[in-house]
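All chains should be modelled from the sequences, with the hints used to inform the complete structure.
So you can see what is in the structure, the chains are spelled out below.
There are 2 protein chains.
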Amino acid sequence: MRVLKYAILGLLNRKPMTGYDLSKEFSYQIGNFWSANHSQIYPELKRLLDEKLVVYNIEISGDVLEKKVYTITEKGRKEFLKWLNKDEPMEPTPKNVFRLRMYFSNNLDIETRIRLLEHQLVQHEEKLAFLLSEMQRYSGVPPFDSDDFGDYLVLDGAIMREKTTIEWLKKCIKICQSKTNCDEERN
Amino acid sequence: MRVLKYAILGLLNRKPMTGYDLSKEFSYQIGNFWSANHSQIYPELKRLLDEKLVVYNIEISGDVLEKKVYTITEKGRKEFLKWLNKDEPMEPTPKNVFRLRMYFSNNLDIETRIRLLEHQLVQHEEKLAFLLSEMQRYSGVPPFDSDDFGDYLVLDGAIMREKTTIEWLKKCIKICQSKTNCDEERN
DNA sequence: ATTAAACATGTAAATGTTGACATGTTATAT
DNA sequence: ATATAACATGTCAACATTTACATGTTTAAT
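Top to bottom, those sequences are chains X and Z.
Taken in order, the first sequence gives residues 1 to 187; the numbers are from full-length UniProt numbering.
Taken in order, the second sequence gives residues 1 to 187; the numbers are from full-length UniProt numbering.
Some hints here could point you the wrong way.
No copy labels: a pair is met if it fits in one copy or bridges any two.
[To be verified] Straight-line Cα separation of at most 20 Å, EDC-like style, residue types lysine to aspartate or glutamate; simulated pairs: (1) Lys67 <-> Asp50; (2) Lys86 <-> Glu118; (3) Lys5 <-> Glu91; (4) Lys127 <-> Glu88; (5) Lys179 <-> Asp145; (6) Lys179 <-> Asp156; (7) Lys67 <-> Glu91; (8) Lys15 <-> Glu44; (9) Lys174 <-> Asp148; (10) Lys127 <-> Glu51; (11) Lys5 <-> Glu44; (12) Lys67 <-> Glu44.
Since the hints were derived computationally from the structure, they do not count as laboratory data.
Fair warning: this is a prediction, and the values are worked out from it, not measured in the lab.
Below is the structure:
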């Protein structure tokens, strides 16, 4: 599939960047649905260079530090657009360790279930708050041909996803609590 | 992390099974958040056997076919429960190729964007219909200590997730259509 | 009887991903 | 001046995952 290849080409299609810059990009918006460490990025850049999909220029930072600023080639742009236009079938649902735990949660104390759920909840609430703060910079749908367009759509999707996860976690907590309440009433 | 290890232990903790049975399990409910091919399952079972977390009995099917029916050991159950009780931090958001495409969608014709979005939409609607049919078998929250409890919670979560994805896709389509309408009015 | 689908168990190669190892520079704050 | 954080680029080993290779049996339909 080589998805990282296309993620990098797509980012370089926006503007020339170093491997380090690409690495940082994956901690921003794009990180909500794709990411890679620098240990994966540098070898991939080398490969893209071999395939003549990118080229680089050396820029000197300070006195001696050589930065490799990568630029997408015409061939690279063509391959990227070919990939982008492809209509591929839905991927299998993503793996999720927490949901796996909940799948087996009948083997846990009710109190433990609630504790685990509540820990997830605070984390997802923090994540949502962060995403909402990111959304602040948009007053409406950005121009259809601007880089911000996709950024806006997927940010919106990420917010919806977090909200639903939070709703689900709260529902699960409520269900577990209804059990503890029942038990207390019996005593 | 060895998540597959715990997924298998968890399933064997429910009831003894063959590698083939485990493989099939991943196409059922648990497949909504974890899966593995038989090529990963058989070696993992061998490893769990070495670690004395499982044992197997041979059952003859028909005349000669030897089935290895795996059972979890006390040691295996202990390790599984230890893992299950662990409170781990939220995982990074899952990778999603379609959202990556949408992130770069400013490079696509509006018509192509709509076509790709609508193709995803029908697939997610089918998936939702399937999940809802699965939910039919529950008339309420199953007993808190039954295997069905976790099954119910995650099925509910999967349904909520699909509904949100569908809502997002429709929103994206609407946004793209508002652009084509605008353009038509100008002509 | 025959055939096709489902049952059943494995290995091997390639690919994708993470975490650790390894090194050095530049800018900022104290 | 000096220490620290951020900048910058790479490799390597281990682990996880997918796809293809490889083989054979049993059950159900025709």
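Status of each hint after checking the structure:
1. Lys67 <-> Asp50: For lysine 67 and aspartate 50, the Cα distance is within 20 Å only inside one copy (19 Å; across copies 49 Å).
2. Lys86 <-> Glu118: Cα proximity of lysine 86 and glutamate 118: across copies only (13 Å, versus 40 Å in one copy).
3. Lys5 <-> Glu91: Classified as within; 18 Å inside a copy, 23 Å across copies.
4. Lys127 <-> Glu88: For lysine 127 and glutamate 88, only the inter-copy Cα distance (16 Å) is at most 20 Å; the intra-copy one is 29 Å.
5. Lys179 <-> Asp145: The answer is between: 11 Å across copies meets 20 Å, while 53 Å in one copy does not.
6. Lys179 <-> Asp156: between (35 Å within a copy, 18 Å between copies)
7. Lys67 <-> Glu91: neither (37 Å within a copy, 32 Å between copies)
8. Lys15 <-> Glu44: within (18 Å within a copy, 44 Å between copies)
9. Lys174 <-> Asp148: Between copies only: 17 Å across chains, 39 Å inside a chain, cut-off 20 Å.
10. Lys127 <-> Glu51: neither (38 Å within a copy, 39 Å between copies)
11. Lys5 <-> Glu44: within (7 Å within a copy, 31 Å between copies)
12. Lys67 <-> Glu44: For lysine 67 and glutamate 44, only the intra-copy Cα distance (17 Å) is at most 20 Å; the inter-copy one is 44 Å.
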